Amino acid sequence: MARSVWKGPFVDGYLLNKAEASRSSGRNEIIKIWTRRSTILPQFVGLTFGVYNGHKFLPVQVTENMVGHKFGEFSPTRTFTGHSADKKAKRG
Amino acid sequence: MGVIGRPHGVRGLVHVHSYTADPADLPAYGPFFDERGRRFTLRWQGEGVARLSELVDGKPVPVNDRGAAERLVNTRLYVDRDRLPPPEEEEFYLADLVGLDAVGPDGTALGRVEAVHDYGAGASLEIGRLIVPFTRACVPVVDIAAGRITVVPPEEVVVPAPAEASAEAVR
Chain A
1 MARSVWKGPF VDGYLLNKAE ASRSSGRNEI IKIWTRRSTI LPQFVGLTFG VYNGHKFLPV
61 QVTENMVGHK FGEFSPTRTF TGHSADKKAK RG
Chain B
93 MGVIGRPHGV RGLVHVHSYT ADPADLPAYG PFFDERGRRF TLRWQGEGVA RLSELVDGKP
153 VPVNDRGAAE RLVNTRLYVD RDRLPPPEEE EFYLADLVGL DAVGPDGTAL GRVEAVHDYG
213 AGASLEIGRL IVPFTRACVP VVDIAAGRIT VVPPEEVVVP APAEASAEAV R
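Protein chains in written order, with our numbering: chain A, 1 to 92; chain B, 93 to 263.
Only chain A is shown next, with the shape it has when bound in the complex (with noise of 0.2 Å):
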């Protein structure tokens, strides 16, 4: 069943103090996190943060098209590296 509308979504709220210190900071700065259940919200666009997934932070670069999903969507607990051919990966 859905989350009610009513509640709004969730976020931890030490989440959105280190995201506020990011953001006013304005440096290269990644954001270490927990709360894989905190959904991505409209203020989060823009920042990286790293979403620690039982294991290492792996970096999360928040776009617009993240906004209402989890950070642990985005984070895989468990890993297939998978095989390169001609795979290719665009820098940020």
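Errors might be hidden in some of the hints.
To spell it out: a stretch of chain A is covered by chain B in this simulated footprint if at least three of its residues, at any positions, have a beta carbon under 8 Å from a beta carbon of chain B; those stretches are [claimed, not checked]:
1. 2-13
2. 23-36
3. 49-59
4. 62-76
Since the hints were derived computationally from the structure, they do not count as laboratory data.
Everything numeric in this text was worked out from a predicted model, so none of it was measured.
By construction, the Cβ of each residue, glycine as well, lies at the ideal position given by its N, Cα and C atoms.
Assemble chain B onto chain A, guided by the hints.
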């Protein structure tokens, strides 16, 4: 680029597992070679099923019976790096990035790029125990010819605990 799987039917068709971003692109990279130096071309005949031909003296000899197809199971298919088209600006082949030496802005060695992750939130490079976002701010220089990248590890955001913050305010 791929690996030959189990035979399909009795006419020499085989399953082929493509490692390319789009499996439909695989035949365009041919001819392929394997560990023993044999060369093959490939044509898709259905989803994941392909017709292979071995190049003998430059002439394609189709694999057209199940026995021959069974002997090719688990054969890995390779191409030379220069057969891949040049990437666009700010794009890099994962095969090129993995193995590059990472140095800090002051030239100190940080390790070697072990893996490139991309789970839908931007690419990141794994360098030993360090994982950095693959951005211009964190990886300002990628010099594939020299086999080296320059990495500026991002700082970590630290927010003072409420108790510390209040103590700071009292001072």
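Here is what the structure says about each hint:
Counting residues of the segment 2-13 of chain A whose beta carbon lies closer than 8 Å to any beta carbon of chain B gives 0, which falls below the threshold of three, so the coverage claim is violated. Coverage of a stretch by a chain is defined here by at least three residues with a beta carbon nearer than 8 Å to that chain's beta carbons; for the segment 23-36 of chain A and chain B the count is 7, and the condition holds. Given a C-beta distance limit of less than 8 Å, the hint that chain B covers the segment 49-59 of chain A holds, as 5 residues qualify and 3 suffice. Counting residues of the segment 62-76 of chain A whose C-beta sits closer than 8 Å to any C-beta of chain B gives 7, which meets the bar of three, so the coverage hint holds.
Going through the hint list in order, the structure does not satisfy hint 1, though it satisfies all others.
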